[in-house]
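J.: So the protein lines, in turn, are chains B and D.
Start counting the first sequence at 1; every next residue gets the next number (my numbering).
Start counting the second sequence at 1; every next residue gets the next number (my numbering).
Not one of these hints is a red herring.
The list cannot tell twin chains apart, which means a pair is met if one copy fits it or any two copies do.
Below are the DSBU-like pairs computed for lysine-lysine, each with C-alpha atoms no more than 35 angstroms apart in a straight line:
1. Lys182 to Lys46
2. Lys360 to Lys182
3. Lys182 to Lys81
4. Lys46 to Lys203
5. Lys203 to Lys455
6. Lys360 to Lys553
7. Lys182 to Lys553
8. Lys455 to Lys204
9. Lys455 to Lys182
FYI, nobody ran anything at the bench for these hints, they're computed from the structure.
It should be emphasised that the depicted structure is a prediction, and the values quoted were computed from it without experimental measurement.
Residue strings, one per chain:
Protein chains: 2
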Amino acid sequence: MSGPHVEFRVDPSGYRHWRLDVDGPVATLTMDVDEDGGLVPGYELKLNSYDLGVDVELYDAVQRLRFEHPEVRAVVVTSGKEKIFCAGANIRMLAASAHAWKVNFCKFTNETRNGIEDATAHSGQTYLAALNGTASGGGYELALACEHIMLVDDRSSTVSLPELPLLGVLPGTGGLTRVTDKRHVRRDRADYFSTRAEGLGGKKAVAWRLVDEAVPRTAWAETVAARARELAARSSRPEGAEGIALTPLEKTRTGTSVAYEHVTAELDRDAGAAEITVAGPAADAPADIAGVHRQGAAFWTLAVTRELDDLILDLRANEPELGTWVIRTSGDARRVLDHDRLLLDARDDWLANEIVLYLKRTLKRLDVTSRSLIALAEPGSCFAGSLLEFALAADRVYQLDGVFEDVDPDADPAAVTVDAMNLGPLPMGNGLTRLETRFLGDGEGLAAVRDAAGKPLEAADAERLGLVTFAPDDIDWDEEVRIAVEERASFSPDALTGLEANYRFPGPETLETKIFGRLTAWQNWIFNRPNASGPEGALRRYGTGRRADFDRKRV
Amino acid sequence: MSGPHVEFRVDPSGYRHWRLDVDGPVATLTMDVDEDGGLVPGYELKLNSYDLGVDVELYDAVQRLRFEHPEVRAVVVTSGKEKIFCAGANIRMLAASAHAWKVNFCKFTNETRNGIEDATAHSGQTYLAALNGTASGGGYELALACEHIMLVDDRSSTVSLPELPLLGVLPGTGGLTRVTDKRHVRRDRADYFSTRAEGLGGKKAVAWRLVDEAVPRTAWAETVAARARELAARSSRPEGAEGIALTPLEKTRTGTSVAYEHVTAELDRDAGAAEITVAGPAADAPADIAGVHRQGAAFWTLAVTRELDDLILDLRANEPELGTWVIRTSGDARRVLDHDRLLLDARDDWLANEIVLYLKRTLKRLDVTSRSLIALAEPGSCFAGSLLEFALAADRVYQLDGVFEDVDPDADPAAVTVDAMNLGPLPMGNGLTRLETRFLGDGEGLAAVRDAAGKPLEAADAERLGLVTFAPDDIDWDEEVRIAVEERASFSPDALTGLEANYRFPGPETLETKIFGRLTAWQNWIFNRPNASGPEGALRRYGTGRRADFDRKRV
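If we strip away everything but chain B, and leave its shape as in the complex, we get (with noise of 0.2 angstroms):
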């Protein structure tokens, strides 16, 4: 199957999967998979098993806990099942599934549990995995994304990787990377527990640090009560503050439009490309950030990070053959600069704080996004702060040299403003901004752009700053641009998702882009194979009480 229309937007009210408890500081995500419920026919979601539709609704939680639940200070991450926590990814559907399936689900899972991680870290909000029975593949992946893992001793309950010895595949979201690189298990012991399709349990899984600890049933609720608190009260989060709504995102799709207040994508099927246009804010930034207490859900930088977001993950799962995509900005940039200072004045409040983290995880979605992304700046636009980093994030920029003669002679030429928003808060998965990716071991380069921030440069200028690739000018911008747009069409689809992969991370690894980069790379590779994914292979076979039969050259 290459997957049916699949839509984001959900809410609590529509949860078919988990359960959302919050009791003051501590709030209760409770997985419990309802097994008719799966996103496409033909396979259940036994044992607390998932499929993107679980995820989805996963995602939705983690998001609404940040925004709409200030007062939350840990998470329990649990399940509603007798004796099994989660039993990963299902197995029927991945067998099903269409290679791009399954690497946008994998991606789609992995984004959501490096949100989690990215609350832990930066929201004050820390995530317990309370683990009341056995956690195998991405359900201990699940596990893993967690700050604090408890397991049930109950002799029987285990935490396992078997995607190796049962599907002959890797842990897809991260469990290789977080099992060696997070929890620092040693490396021949991670080999020996991703060899053991039963995993391990109890004092063992502790020794080896794959769990935190292993707690009898009988102490079980009440030391996972104890570890939420304790885990809360080292939140930074303040007392007493009120959550905003994330009301419903308002959108019109067509068969070749996806269209929301401030954000628009033409599919043009012919070119394989879409292109998005992000307006800048309609009104002046609020005085202060009351104001933006007060806006909520519609103050201009969250209400136009959120429709990114959608549009994004949209566009991922629904659109693969639209492999470019154009990316414009209209608006006032000085507007756009005084939403941002207004964010960043303001960091050591919670909601503020949350809107700047919410648009780096929606610029990282973009980075690992498999698609060409071309920017154009032209006149009338406001690649300024924030809105510049979808710039700095595409392959390429080309920045119109003057104006159109023929459309408006007197209007002022494009520019494109770095400010703060660009010298920090929103680092991409390699740790640093996108402009110290850009200028990696050009500290000269690097100095130079910072010292023109604030100023609005037209073409010449930021391309001799090297902030775009190239600057045409009226008579040589249609065709140009045309071309790059064509010529991207024309080439690998394959290809382009590997160079881009190693293009857009230049410079130093962390967990985050090893996951996405060497881990993803090699298990495509693996999905890839006949030994995996041929009708002998051991993802097909599994479950039919045949083994698989495989090559046995090693590559």
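Following the hints, position chain D against chain B.
T.: This is chain D only, laid out in the frame that chain B set:
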């Protein structure tokens, strides 16, 4: 084709594709590929394109320069053809090759290029690429491995990475990573460059940092000579040193074994395993470094390293179905440590330095070998210092607790010994020692192991210190080891490759690990996709006059 039997032992008298000329402190390596000299029938090596055979000679030349020519301080790599430096890996060869062959070929080529960088960084032999004509694809990647790149400025010669636009694959030997992470080409420029099949030359190539200088043909010879002299002047190589001869390696190969003087491998095809045994020194170490020079290639550490290097290459190329390598040692640990100490006490001696560097590179080769590695420490073994590294490189280590009662009840129990060679001189590609990698995030564990340096550690101590994975006794040993090897043979070979590539490299990433990890994994994925290797894929359609027919879905 799955490839012919490959032999890696060559010497300059047998070169078909390279000339090695030494003129005082400057050597010149001239690539002049014999079109009819392909390793396999079915393609012609036109335009200085290469196959594995060409690279085997290059590897040999780089090694000999280090050991046989201590007087050489700069190495000029250039072409013997008119107007063309090197067209990269031969495309017909790639198109006709099985996946495993392509991957193994790229791995070896990568290792040779890393060796060139290692010589520049640590041996005082700086490589200079003198591109007297166009360098495309792997040809440019060879140049990227050199410290300084000169391109003739003649309005036609360029450097290029045409893999993506022409072949629908990625540059396979580090090109993308070196362009951004070594040469610091801006990522958007790198993107444009890699989509432009014809490449870039002249001043633009310099401005974009793709090459270091563009030199008119009229000034070519003298400028290259001047630059080589300048690079040579920076070297710390001693004056008047005399090289040692890398005498022919004695090797006996049958269908069931490979035997050298110190190293043997039994090829157990039923078990899918190679049983490798490394013998410690048969005699005491020489009294001083002068004795090492006198022994030359017969000095144990160098001899055993050469044999292991050849064995690794042989088994990787010729025995892909032997998926597990079981590594044993036999001999006197004290002698191993004495040899180590002699080398480390004389690190300012060029030969001692070269031997340690060679050992380092050989161990790195093992780290990136796609075979499961299981080390067995039994009575009579000598896993100490340099040889202990082969256990630390393994995915698992088993050490017998006690002795084999039936075999020799009076034997000394197996011991392993950490020493200076494990604490710095042999870093992995990630920049850490194997011990630092093993104890990532566990400073206490690492300190305890350091404190135990020099002491032979029997099984209980070694297990407690975390140096071995399991320490079964006589009663359990055979069964536990047998199950480990059998189990390994039952798993998906592809999934094992992915698992090991991730678990062997926790922690930081470097240019080197990014090339073998992220870049290679993406490349392998692309190589497996119909868009590249299918009947209508770009690799197969190249040169037919028909365009590739791509599945346009982005993954």
